[in-house]
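Trainee: The lines below spell out each chain.
2 protein chains.
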Amino acid sequence: MSVITVIGSGQMGSSLSIPLLDNGHEVRLVGSPLDGEIIDGLRENNHHKTLMRDLPKTDKLKFYKIEELDKALPGTDLVVCGVSSFGVDWFGKEILPKIPKDIEILSVTKGMINEDDGNLTVYPDYWKREYDNDRDIYAIGGPCTARGLTDKEETFVAFCGVDVEKLKWIKSIFETPYYIINLTTDVVGLEAAVALKNGYALATAIGMGMAEKRDDGIKFINGISTLFQQSTKEMFELLEFMNCDLKNIMYAVGDLYVTVQAGRSRTVGLLLGKGLSIEEVKKELKGQTLEAIVIATRTADAVRKLSKKNILDEKDFPLLMHVDELLNKDAKLNVPWKDFEIIDDYKNK
Amino acid sequence: MSVITVIGSGQMGSSLSIPLLDNGHEVRLVGSPLDGEIIDGLRENNHHKTLMRDLPKTDKLKFYKIEELDKALPGTDLVVCGVSSFGVDWFGKEILPKIPKDIEILSVTKGMINEDDGNLTVYPDYWKREYDNDRDIYAIGGPCTARGLTDKEETFVAFCGVDVEKLKWIKSIFETPYYIINLTTDVVGLEAAVALKNGYALATAIGMGMAEKRDDGIKFINGISTLFQQSTKEMFELLEFMNCDLKNIMYAVGDLYVTVQAGRSRTVGLLLGKGLSIEEVKKELKGQTLEAIVIATRTADAVRKLSKKNILDEKDFPLLMHVDELLNKDAKLNVPWKDFEIIDDYKNK
Chain A
789 MSVITVIGSG QMGSSLSIPL LDNGHEVRLV GSPLDGEIID GLRENNHHKT LMRDLPKTDK
849 LKFYKIEELD KALPGTDLVV CGVSSFGVDW FGKEILPKIP KDIEILSVTK GMINEDDGNL
909 TVYPDYWKRE YDNDRDIYAI GGPCTARGLT DKEETFVAFC GVDVEKLKWI KSIFETPYYI
969 INLTTDVVGL EAAVALKNGY ALATAIGMGM AEKRDDGIKF INGISTLFQQ STKEMFELLE
1029 FMNCDLKNIM YAVGDLYVTV QAGRSRTVGL LLGKGLSIEE VKKELKGQTL EAIVIATRTA
1089 DAVRKLSKKN ILDEKDFPLL MHVDELLNKD AKLNVPWKDF EIIDDYKNK
Chain B
789 MSVITVIGSG QMGSSLSIPL LDNGHEVRLV GSPLDGEIID GLRENNHHKT LMRDLPKTDK
849 LKFYKIEELD KALPGTDLVV CGVSSFGVDW FGKEILPKIP KDIEILSVTK GMINEDDGNL
909 TVYPDYWKRE YDNDRDIYAI GGPCTARGLT DKEETFVAFC GVDVEKLKWI KSIFETPYYI
969 INLTTDVVGL EAAVALKNGY ALATAIGMGM AEKRDDGIKF INGISTLFQQ STKEMFELLE
1029 FMNCDLKNIM YAVGDLYVTV QAGRSRTVGL LLGKGLSIEE VKKELKGQTL EAIVIATRTA
1089 DAVRKLSKKN ILDEKDFPLL MHVDELLNKD AKLNVPWKDF EIIDDYKNK
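Top to bottom, those sequences are chains A and B. All residue numbers for the first sequence refer to the numbering used here, where the first residue is 789 and numbers rise by one. All residue numbers for the second sequence refer to the numbering used here, where the first residue is 789 and numbers rise by one.
Excised from the complex, chain A in its bound form:
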């Protein structure tokens, strides 16, 4: 049995305690500076306030506030980084230096950094470059709602990292009959796939908002599927540009599917699709972290920069460009349906 310290006690980080406890490990759940109330609630009666689930009452699950990190780390075999993308630099600056070099880290944070030159950097590479050049960080991607995992639904994710043997060891700690885990050494491929889908979930959910707004009884299934298909096409081309294993489109698509079912990324798109401006959307969702806005904006910024350098063509990403205009340029909703059309003379290339 091992000791796993999870830093960040939001929904996703906390839900990972379920397969870990099922496997008999000790889990130390450490709240980030934003998670004080969650830890208070868990200490009171094991109820997780935002996850809206009771965590198991067992000696093997221990709760810590961030000031108690020094108590949580000794004896740890593996650290899980469960912060949101807004905590990436905090984790790199404040936490990474405190984790001994021989302890592996598995991150569940989804997102990418847009560089000045137009490139997109996934978080494991960003942490390595900015905060700890010697450290290879492992990561989780794939379709997983925290509540579904907590409820022990069958959940199919992938773990990525540079070393297959270490990946197998990390998998052995987490795997249960309901937690299905692929392994891949294509870190950029997996991390880019599951980061991109947040922005495209917002994009696809715009169609769901348009459907809800209609009062003519039309379900708009074709319209929503159009956005799902165009999202897949644009994500595929971005993975291609980033030299990824193209099979990783499976994670982008699987995660897109789960993300448009429920959650904040979906809600932002839904409200935009109903005709709200982004300011109105932010007002309605006040106080919530909106990762989809961050990743859509960053990806669009990268595409525009690369388009100026003739490396990509922003005309190939009409959906992303319109989403960016809605989010950042105060544009009115006007999905560029006809701009999706392409002629692909594959056989004569």
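Keep in mind that the hints are not guaranteed to be accurate.
When chains are identical, the list treats them as one kind, so a pair holds in a single copy or across two.
Stated by the list, open to error - Calculated pairs, DSSO-like style, for lysine-lysine (alpha carbon to alpha carbon, straight line, at most 30 angstroms):
(1) Lys1071 <-> Lys1007
(2) Lys1135 <-> Lys1001
(3) Lys886 <-> Lys859
(4) Lys956 <-> Lys1103
(5) Lys1135 <-> Lys889
(6) Lys1117 <-> Lys845
(7) Lys845 <-> Lys1007
(8) Lys954 <-> Lys1126
(9) Lys1137 <-> Lys1074
(10) Lys956 <-> Lys1126
(11) Lys853 <-> Lys1135
(12) Lys954 <-> Lys1135
(13) Lys1070 <-> Lys1007
(14) Lys1120 <-> Lys1070
Calculated directly from the structure, the hints in this document are not laboratory data.
With the hints as your guide, set chain B onto chain A.
Mentor: Here is chain B on its own, set in the frame of chain A:
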């Protein structure tokens, strides 16, 4: 303005009349031998019985029974084949010889033939080989519910064929602001993608049936996404095997998304997911054409044959294999979740 003769007045063939009429073309809708009642209903009051919509009342839309085909064909610029996959040989044998060689044909029939050697043949290639060696047939693929198109929802499909210039001409006949059309010369890629998705829609809908059957309040979103993701993975590998433009995964995925929302393929999976045997499912859906069963069975047959020849490995298609066992080997529902796991050492290949 052109004259378009649509052969097969089922839902999909009939819905195509909407963009055609919007573009001012004359549409001659010819019922197949199975469509007699539909044509009777349309002649009575323009109501389409199975589509459950009224078609426009205009001189430009004319209805014919199959015995009147000779009246419908003269002056036709383009023939649309709107039969189901059960009418493929009927169309090849009875209809193809009656269509003058200089008239192009656009097929909306989705499916593939499983060959004795394990290969899968898309219908345009099958018709060419079996019935008319000189004829290149064009085809439509992509996510489109017939009702959505009839309601003029934004609908995003692709037309495929060997000659880009002819594709552009066919597109010019159909395209409207709401009917969004890609063009591709990768006939096998598009046709395989949209055929495969029928079987995988059945597979994914199994999760939806499992969700409906539960009485513990669990939504099973992770479980359904697991099946959606695994479906994407298996379709991707089949497209790869068939030497397709891998970007065509967009159509497989878009069409998978639309197909799991509603319709017969979904219903078969849903009922299997609730625990019904395939015999019980067929009894419940008596009289309905179940294309998903055909394509899942044919694809599984191909994979098994190719696996015996060591060209593919059936272990890479655990979801398809289980669906085949449910459909054809009287197996009990037992989704092989853990068999989905793979180790992809991409970076060290």
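Trainee: Check each numbered hint from earlier against the structure, then list the numbers of those it violates in ascending order.
Mentor: Hints 2, 6, 9 and 11 not satisfied by this model.
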